[in-house]
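In order, the protein sequence lines correspond to chains A and B. Going by our numbering, 231 is the number at position 210 of the first sequence; the sequence numbering is gapless. Going by our numbering, 81 is the number at position 26 of the second sequence; the sequence numbering is gapless.
Please note: incorrect hints may appear among the correct ones.
[As the list claims (entries may be wrong)] A few chain B residues that don't get close to chain A, going by computed Cβ distances all over 10 Å: (1) V201; (2) Y357; (3) I426.
[To be verified] The list that follows gives simulated cross-link-like pairs (lysine to any residue, SDA-like), each with its CA atoms no further than 25 Å apart: (4) A/K159 - B/A283; (5) A/K197 - B/G305; (6) A/K221 - B/N103; (7) B/K400 - A/Y274; (8) B/K210 - B/D199; (9) A/K261 - B/P324; (10) A/K265 - B/A333; (11) B/K57 - A/A275; (12) B/K400 - A/K197.
For the record, the hints were derived by calculation from the structure and aren't laboratory data. Ideal placement from N, C-alpha and C gives every residue a C-beta, glycine not left out.
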Amino acid sequence: MTETTEATTTVVKIDAAGVSHRDLNAKLREAVANGAQKIELRNVHGQRYIGTDLNKPVEIDIFGTPGNDLGSFMDGPRITVHGNAQDGCGNTMNNGLIVVHGHAGDIIGLSARGGKIFVKDDIGYRAGIHMKEYGEKKPVLVVGGTAQDFLGEYMAGGILVLLGLHLEEGQRHKAKFVGTGMHGGVIYLRGDIEQYQLGKEVGIAEPDEKDLQDLQRLVGEFSSYFGYDAGKILENRFVKLFPKYLRPYGRLYAY
Amino acid sequence: MKTYLPARFLVERNAERCIRCKVCTNQCSFDVHSYDSEEDCIQSREENCVGCHRCVIFCPTRAITIRKNPLEYRENYNWRPEVIEDIIKQAETGGVLLTGMGDDKAQRIYWDHLVLNASQVTNPSIDPLREPMELTTFLGRKPDRVELSDDLSLKTEIAPQVKLEVPVMFAAMSYGAVSLHVQESLARAATEAGTLWNTGEGGLHPRLYKYGKNTIVQVASGRFGVHAEYLNAGAVVEIKIGQGAKPGIGGHLPGEKVSAEVSRTRMIPEGTDALSPAPQHDIYSIEDLSQLIYALKEATNYTKPISVKIAAVHNSAAIASGIVRAGADIVVLDGLRGATGAAPKVIRDNVGIPIEMALASVDARLRQEGIRNQASIVISGGIRSAGDVAKAIALGADAVNIGTAALIALGCTVCQQCHTGKCAWGICTSDLFLTKRINPDIGAERVYNLLRGWSVELKDIMGGLGVNAVESLRGNRHHLRGIGLTDTELNILGVQMAGS
Ligand code: SF4
Ligand code: SF4
Numbered sequence: 022m023t024e025t026t027e028a029t030t031t032v033v034k035i036d037a038a039g040v041s042h043r044d045l046n047a048k049l050r051e052a053v054a055n056g057a058q059k060i061e062l063r064n065v066h067g068q069r070y071i072g073t074d075l076n077k078p079v080e081i082d083i084f085g086t087p088g089n090d091l092g093s094f095m096d097g098p099r100i101t102v103h104g105n106a107q108d109g110c111g112n113t114m115n116n117g118l119i120v121v122h123g124h125a126g127d128i129i130g131l132s133a134r135g136g137k138i139f140v141k142d143d144i145g146y147r148a149g150i151h152m153k154e155y156g157e158k159k160p161v162l163v164v165g166g167t168a169q170d171f172l173g174e175y176m177a178g179g180i181l182v183l184l185g186l187h188l189e190e191g192q193r194h195k196a197k198f199v200g201t202g203m204h205g206g207v208i209y210l211r212g213d214i215e216q217y218q219l220g221k222e223v224g225i226a227e228p229d230e231k232d233l234q235d236l237q238r239l240v241g242e243f244s245s246y247f248g249y250d251a252g253k254i255l256e257n258r259f260v261k262l263f264p265k266y267l268r269p270y271g272r273l274y275a276y
Numbered sequence: 056m057k058t059y060l061p062a063r064f065l066v067e068r069n070a071e072r073c074i075r076c077k078v079c080t081n082q083c084s085f086d087v088h089s090y091d092s093e094e095d096c097i098q099s100r101e102e103n104c105v106g107c108h109r110c111v112i113f114c115p116t117r118a119i120t121i122r123k124n125p126l127e128y129r130e131n132y133n134w135r136p137e138v139i140e141d142i143i144k145q146a147e148t149g150g151v152l153l154t155g156m157g158d159d160k161a162q163r164i165y166w167d168h169l170v171l172n173a174s175q176v177t178n179p180s181i182d183p184l185r186e187p188m189e190l191t192t193f194l195g196r197k198p199d200r201v202e203l204s205d206d207l208s209l210k211t212e213i214a215p216q217v218k219l220e221v222p223v224m225f226a227a228m229s230y231g232a233v234s235l236h237v238q239e240s241l242a243r244a245a246t247e248a249g250t251l252w253n254t255g256e257g258g259l260h261p262r263l264y265k266y267g268k269n270t271i272v273q274v275a276s277g278r279f280g281v282h283a284e285y286l287n288a289g290a291v292v293e294i295k296i297g298q299g300a301k302p303g304i305g306g307h308l309p310g311e312k313v314s315a316e317v318s319r320t321r322m323i324p325e326g327t328d329a330l331s332p333a334p335q336h337d338i339y340s341i342e343d344l345s346q347l348i349y350a351l352k353e354a355t356n357y358t359k360p361i362s363v364k365i366a367a368v369h370n371s372a373a374i375a376s377g378i379v380r381a382g383a384d385i386v387v388l389d390g391l392r393g394a395t396g397a398a399p400k401v402i403r404d405n406v407g408i409p410i411e412m413a414l415a416s417v418d419a420r421l422r423q424e425g426i427r428n429q430a431s432i433v434i435s436g437g438i439r440s441a442g443d444v445a446k447a448i449a450l451g452a453d454a455v456n457i458g459t460a461a462l463i464a465l466g467c468t469v470c471q472q473c474h475t476g477k478c479a480w481g482i483c484t485s486d487l488f489l490t491k492r493i494n495p496d497i498g499a500e501r502v503y504n505l506l507r508g509w510s511v512e513l514k515d516i517m518g519g520l521g522v523n524a525v526e527s528l529r530g531n532r533h534h535l536r537g538i539g540l541t542d543t544e545l546n547i548l549g550v551q552m553a554g555s
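Pulled out of the complex, with its shape left as it was, chain A reads as follows (with noise of 0.2 Å):
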């Protein structure tokens, strides 16, 4: 572990060529306690977990490929992925930022209930099932890619976002099951889907004026991380898929 101190702020790099993620993640701990404000993890090769019981908003750049649950009940800090993330990335977390240069795995942001995660290619299958919101918590995902199938699953609350900026003219999200047993939050795609790769609980409309205004803010957000225009982006059309009930099994059961 080497410490410099560029100017105000304490940046801790660590190699993590050959650390387990147990001793991986002790060491982040330990340079959160000493007052780490930013983080360099350099050589990273699957180690799984990174920054999971860390609750203060450390800056940490990853270089390399973090393995699985990167983020998991993650509280605050604020990650970078300088490559791709694999499975479970932000699973349950509270709060905090990813921002992934790259692509992600299966099941990104199951469960979350805050914080922001931004992936600049594609995503997995089964992204942000049940992710759900409350008070001030909203969490938000953004894909500049596209998904694979379940996306949204159970999703009852939150922002998810797929931009599909790979897709060729023409072409349609290929996601099926989209938003099966939603019962709350919204998902924005920019490109194509048919209603028969939707859940039977999934409304679609024309994004509204506040709609849109979320979406210029994301979008902006999403643009300053990796460089896109943000109004280009916003010129093509939107579409809205929203919980057509807010309690899907009400009608199931005779008391």
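Dock chain B with the ligands against chain A, hints included.
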């Protein structure tokens, strides 16, 4: 549609005793009693009565008797009244039949077919009134072997353990399913008795954080109220995969029960349904389970045992082996009779296996594989008495969880209406008028008394067996004999027939 459902109970009011004080009209939350001012008498809508006996106990002149409506249908072993009435209810609603509490059917209760031994002549029994008796139990992973340094200090690193003064804990009951007063009663009783209560999957109300040392915090598929502070508040973190009352299905806490306070604890908006999906979508395999176990270990910096709770099902033994190998420190098995705040009746009464069989096979399997020390086994699902506890420990359990028994201590009469949210005993409801019926001061005392009584009884049983520590009873099936069981049953239970 006219309902063809007959009244289940008859409400009889002794007119001579009734003083028209209207206590019953206030106490009944199912709208049975009402005061008729013209006639100056109390009327009953018997069809609403669920037989919870709240009015019977609170009537100051003991004027009320609740009797089963005899309903003399023609005798039919197949088409019993319950079967007929279930069909009628579905014909009128088209819905899934919901119910509360545990399986009430007549499947064999193996505890009642097991008997304990006692010392006679050849080895003396121990008098617990004179001799120290040890019920202390440690839950958590035990090392394969212990090494000492030269100065005799412990060299082996010991995984985190939690200490129980009595091997009986309270089963997971979430805030929302039961009221905050119930949780507070359990938390305080657990603190006093030196055992643990369990949040269930509804988060931890800020008022109960102070009981953290005696709390198991649960992480289930809904992940309600789960955040770092919550995970670190408890003594144990439990991953809930399944529940004996409803193996393999999720849960729906109806919006009506998500009050302002429940919403605060679950961290979801007021009035929305709290849907817990059937699987945890980050767990599709033992490898995925291991990933969550270690995520939770990381999130709590390896300071707490991680428990995994499953429903007892056909392959429990193999699954439990996988759970232990995945890194769990405690395995919880919840049997066929495990109770619930709400479950489809068809699942409750037909899915899962008896806890006695699951426990015997899991304990045997872990021993065969040489990994029994790596995790503690906790069982639940219908434990009724210290006798059941002693038998469970002899069959291989480290500790048991009690849910229904603890609620009965609080007043529950097992009327199975928990799913309606109208519990007249104020237990499983979030109606503020009803929840006041549980006073945590009295509730804690009642539940603590139960544990105290069971502890003394356990010591009596152990003394009779000639053992002075619960450790010596654990997994010692020689202390058990079976009665009225087939060879196959005895074989699975790993006990001999009485007389042999
Ligand atoms: S209080 Fe219970 S037993 Fe008495 S009438 Fe109401 S439902 Fe029936
Ligand atoms: S908790 Fe209440 S509703 Fe449920 S069985 Fe007991 S008395 Fe009846």
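Query raised in the report: Is the hinted pair B/K400 and A/Y274 satisfied, with a Cα-Cα distance of at most 25 Å?
Result: holds (11 Å)
Report task. Confirm or reject the statement that B/Y357 sits farther than 10 Å, beta carbon to beta carbon, from all of chain A. Result -> Check fails; 7 Å does not lie beyond 10 Å.
Query raised in the report: Is B/K57 close enough to A/A275, meaning Cα to Cα at most 25 Å?
Result: Holds - the C-alpha atoms of A/A275 and B/K57 are around 16 Å apart, at most 25 Å.
Query raised in the report: Under the criterion that the straight-line Cα-Cα distance not exceed 25 Å, is the pair A/K261, B/P324 satisfied?
Result: Holds, because 21 Å separates the two Cα atoms, which is no more than 25 Å.
Query raised in the report: Holds or violated: are the alpha carbons of B/K210 and B/D199 at most 25 Å from each other?
Result: Answer holds: B/K210 to B/D199 is near 13 Å, not above 25 Å.
Report task. For the pair we were handed, A/K197 and B/G305, check the Cα-Cα distance against 25 Å. Result -> holds (22 Å)
Requested in this report: Compute the least Cβ-Cβ separation between B/I426 and chain A, then decide whether it is above 10 Å.
Outcome: holds (21 Å)
Query raised in the report: Is the straight-line distance between the alpha-carbon of A/K265 and that of B/A333 25 Å or less?
Result: With Cα atoms ~21 Å apart, A/K265 and B/A333 stay inside 25 Å; holds.
Query raised in the report: Between B/K400 and A/K197, is the straight-line Cα distance small enough, at 25 Å or below?
Result: violated (32 Å)
Query raised in the report: Are the Cα atoms of A/K159 and B/A283 separated by 25 Å or less?
Result: holds (17 Å)
Report task. Assess, step by step, whether the Cα of A/K221 is no farther than 25 Å from the Cα of B/N103, and give holds or violated. Result -> Violated: A/K221 and B/N103 sit about 36 Å apart, past 25 Å.
Report task. Just double-check B/V201 for me: nearest Cβ-Cβ distance to chain A has to come out over 10 Å. Result -> At about 22 Å from chain A, B/V201 clears the 10 Å cut-off, so the statement holds.
The structure does not agree with the numbered hints 2, 6, 12 stated previously, though it agrees with the rest.
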